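Engineer: Got chain A sorted already, so can you dock chain B onto it with the hints?
Heads up: the sequence lines are chains A and B, in that order.
Counting in the UniProt record's numbering, the first sequence runs from 1 upward without gaps.
Counting in the UniProt record's numbering, the second sequence runs from 1 upward without gaps.
No lab work stands behind these hints, which were simulated from the structure alone.
Computed from a predicted structure; not experimentally measured.
Just so you know, even glycine gets a beta-carbon here, dropped at the ideal spot from N, CA and C.
Keep in mind that the hints are not guaranteed to be accurate.
[As the list claims (entries may be wrong)] Listed next, the in silico DMTMM-like pairs over lysine to aspartate or glutamate satisfying Cα-Cα at most 20 Å (straight line):
id, chain 1, residue 1, chain 2, residue 2
1, B, K500, B, E639
2, A, K38, B, E131
3, A, K327, B, E639
4, A, K38, B, E639
5, A, K327, B, D638
6, A, K38, B, E200
[Claimed, not checked] Pairwise CB distance ranges (calculated):
id, chain 1, residue 1, chain 2, residue 2, range
7, B, L236, A, I34, 34 to 44 Å
8, B, D389, A, E249, 51 to 61 Å
9, B, S647, A, I34, 51 to 61 Å
10, A, P135, B, R148, 27 to 37 Å
11, A, A125, B, S647, 36 to 46 Å
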Amino acid sequence: MNDFDYLRATALDEASTLAKTPGTMFLAGGTTLIDLAKCGVERPGTLVDITRLPDLSAVTVDEAGATIGALATMSRVAVDAAVTERYPAVSEALLLAASAQLRNMATIGGNLMQRTRCAYFRDPAGYPACNKRMPGSGCSALENVTRDHAILGTSDQCIALYPGDLSVALTALGATVRTTSREIPIARFFVEPGDRPDRETVLERGEIVTAVHVPASAAAANSTYLKVRDRQSYEFAAASAAVGLELEEDGRTIRDIRVALGGVATVPWRAEAVEAALRGRRLGETTIREASRAAVEGARSWYANGYKIELACRVVARAIMEVGGIK
Amino acid sequence: MSLTDSPAKYGSVAGSETASGPLGRAALRGDGSLKVRGAATYALEQPVEGVLHCVLVQSTIGAGRVAAIDRSAAEAAPGVRLVLDAGNSLTLAPMPDFFGNTPPGDSYVPFAREISFNGELIAAVVADTLEQARAAAALLEVTYEEARSVPTFSDPRAGEGRAVDAMTKEWGEPDAAFAEAPVRIEATYETPREYNLPIEPHGLIVHFEADDRLTIYEPTQWVDGTARNYAGWFGLSFDAVRIVSPFIGGGFGSKAQGLPHSAAAAIAAKMLGRPVKLAVTRPQTFTAYGGRPATRQTLRLGAAADGRLLALDHDAASETSVTGTFTETLGIVTKMMYAVPNLSSRQNVVPVNTVLPGPFRAPGKNPSAFAFECAVDELAVELGMDPVDLRRVNEPDHDFETGKPWSSRRLLKCYDVAGEAFGWAGRNPAPRSMREGRQLIGWGMAVGTHPVYAAPGEATVRLLANGSVEVSSSAIDMGTGTYTILAQTAADVLGVPVEKVTVRLGDSRLGRAPVAGGSQLANLMTAAVHKTALAARDELVTLGLTDPNSPLRDQANTLTVADGRIGASRGGAISVGELLAATGRDHLEVTRDTLPEADRTPEERQRMFSTLAGRGALPDLPVSRHSFCAHFIEVRVDEDFGTIRVSRVVTAFDAGRLYNPKLAESQFKGGIVMGIGMALLEEGVTDPRNGRILSSNLADYRIATNADVPEITTISVGEPDYDATPLGGKAVGELSIVGVAPAIANAVYHATGRRVRSLPIKLDDLL
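Just chain A, with the same shape it has in the complex (with noise of 0.2 Å):
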């Protein structure tokens, strides 16, 4: 780890402007960061902690929605009495990521900002080749070992996976992210690779992300997020799907659904394919996993990713099934 400047913001407008200076870097929990500092791929010249910055930690649910900020903890917002209700897919998807104590350092902000795993990425002293360090310097996951590697949204530059959990239920819920000069609907927060893997959102210099509003619906207050993965706890997932779902007034029929799929793709995934084949349909197992194969639509597997195109459509059927009551 290199040498770097540390400074302190005390308002958001100050470390807007510090930010402005290439080579300077937000620091909120570190967990992304300085992980990836000790893999020598991010190397900071400044870093500037936001955490002291003031009314970035609420959250607050009402009517309309939640609004998280920015720097509220993934444990604290995971256990909040009104997000586990309204929201639950919000609330599983933060304890099924990371560790407890990754969890207890983690922000929200910085959960979004996560980056990903691909060991090739994260290995700059053995693999100086990766088009997400250094663009045009080439893919070295490309034909080698990539049973972690994305399926969907990838480019013939980089098929690096995007790793969190809890875009893919605010992907699935419809969140915005609110920062310091904007409001962007997550689906276009997200960037996918194409010949530029090294942009993965499209915040601007100095741009910080101050809150995720989550707006209310039936389909939240009806969701579930379901993470599969070799190991029960702190491994990423091989396939997951946060689904809401609203049903009409005969509880059979489908009025609302949302599903997005999380380790599968280079971004958060918005399946509106299967989101469109159920919407007016009964439910019933084999209209939902039917319908599911539509997730995996334009998929491509790597060498030894192929097993999550099958995955995805069955843990997509699964969540549906859950939040629809069939056992």
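Structural biologist: Below, chain B alone, put in the same frame as chain A:
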């Protein structure tokens, strides 16, 4: 009271409060409170004044050579004292490892010029602070001439390797017997590279107090072997090197050798004349020493229709490095577990571009049992027999490999007790026949075993005037309980409460002890302390009876020592302290070893403890000595996802007498937890292009978490086995990991009908 009176213990391992003396009771760990409070000082926490910090630089190619290292930028960086590589390093005398591998040539430098694996040590940087050393290490400009590497034995270019003659064994007529056998199976099983990942990473502080005298604070499973290694490297006498290792945060076999990083830190300390501290980072540990090599085993079993084994053919291979030989002894369980009249077993080692593999909890035994116990399960399916019944039919009345009778073998009792506790009788043998909702339930079982190894040990016992007792030895405690059981042993002999006994370990200035490996230390050190404490008691009695100033002089033919007092059976007793004071002493000290009686030079004695020569010093016994266990395991497999959850484990153990059932249970459970990781999670993932380890951290190299560990029931059916060891114990520490992976694989087959023969079994194997 005699130690041999201790009753056999059945039922739960814990709560055995039936022992007649302190030894055999479920005493709390003596070091437990220190560790929980953070008061136990580990090697890198030792307060050594003025330490410099050393960091390692490892190669990023898998084969080839270092063309040049430009040290200038690093040398100019703030705080840097020394940048070391093959070009400027002090040279050491080469020392052989456990396995007889000695670096080539007349001198040894721990920094490679010729690269034989990715992650090999090539340089080190020493600076005033750790941060400075790290920053400077990143400034080294290394130029390589890369050659094509053969990273794993799955690479076709690795070839078949070379045969290990010592692993070739044949009896009967295996080919003919197999050809004629009415029921036959043949299958190939694979295990990946697995890594010893103790929670305390490797590291050390080296302090040369003078040119010819040094102290090293380093976690080691073998203080005396380690001292000998440093002495050899630097051409010093054994006594000139002091190794201090009172606490060790786990080793699992990896902390017993002289490793390159240790040499690097020692060279830096010598060259700079300052104490040097080095901590191997977690990613570096994956190549700073070797773990369990990848293995491949093909088994052919032939049986009669009633299940009797007629023939066994075992063809095995394991990886080794291109520079040395490590043999993961894969035939070890195959040859002794069942009654097999016709057997052929052989093994190749296949050199590849890897760090030299090394011992990892139950080396050989563990992967050997995986292949064999899966194959036996496959045979049971082929025969339509219950797998326990098949094993009962093949229970051997003696060891077919050595021809010797067993010292004890209570495996049938293990089947009875664990099978009943598990409810095995209720098993529907058909695969996919048991389910709960969308979870398929599978029940599997397998057997584990571990040999009883023996070596001599040495201990010192001091009786103090205040009635307390001190026990000391260079033996170590890596969290397994040595402190505790040695206190129990001394307390038992000397008739004092355990709390009155202080145990000092892990310092080469204390009495000699062999390696804490092969699950031998508990048996040999309790024996050494027992012998020494008896001698101390005898000396005390002699003192009481014969010293002119003894108040007990001529009172009786003998005296009894109990509760800190000494006296005649009829007549008054006085405290041990009073006797010592009356005879003009403040203590009585006795040192004894358990070497066979012989006149020995000091050098020869030292060799017995600081090399593996000690094992050869003991007489060959007419019995075959092994511990045994039977694991019964339930798994739940999600039908959609293929995720496997171990939901229940019941294991019965025959490990002889347990010196402390609570600590033995911890070892048993720890091994089972590790076995769960081996079966379902652990896998060293290697880049097939350049041999780089892609899972070199604890997020990507997955070991079992608490959430992966179900309720585990351990049951001891052991009885004291005085043919196995002096105090009746058998092997404990490594036993329980053996057989867990096959029991889980067999349960997965029962749940799903899918036979997965390659570990770890992952969800994509079952989709």
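Engineer: Compare the structure with each hint and give your call.
Structural biologist: Verification of the supplied hints:
no.: 1; hint: K500/B - E639/B; verdict: violated (57 Å)
no.: 2; hint: K38/A - E131/B; verdict: holds (11 Å)
no.: 3; hint: K327/A - E639/B; verdict: holds (13 Å)
no.: 4; hint: K38/A - E639/B; verdict: violated (40 Å)
no.: 5; hint: K327/A - D638/B; verdict: holds (13 Å)
no.: 6; hint: K38/A - E200/B; verdict: holds (19 Å)
no.: 7; hint: L236/B - I34/A: 34 to 44 Å; verdict: holds (42 Å)
no.: 8; hint: D389/B - E249/A: 51 to 61 Å; verdict: holds (59 Å)
no.: 9; hint: S647/B - I34/A: 51 to 61 Å; verdict: violated (37 Å)
no.: 10; hint: P135/A - R148/B: 27 to 37 Å; verdict: holds (29 Å)
no.: 11; hint: A125/A - S647/B: 36 to 46 Å; verdict: holds (42 Å)
Comparing the model with each earlier hint shows violations of hints 1, 4 and 9; every other hint is respected.
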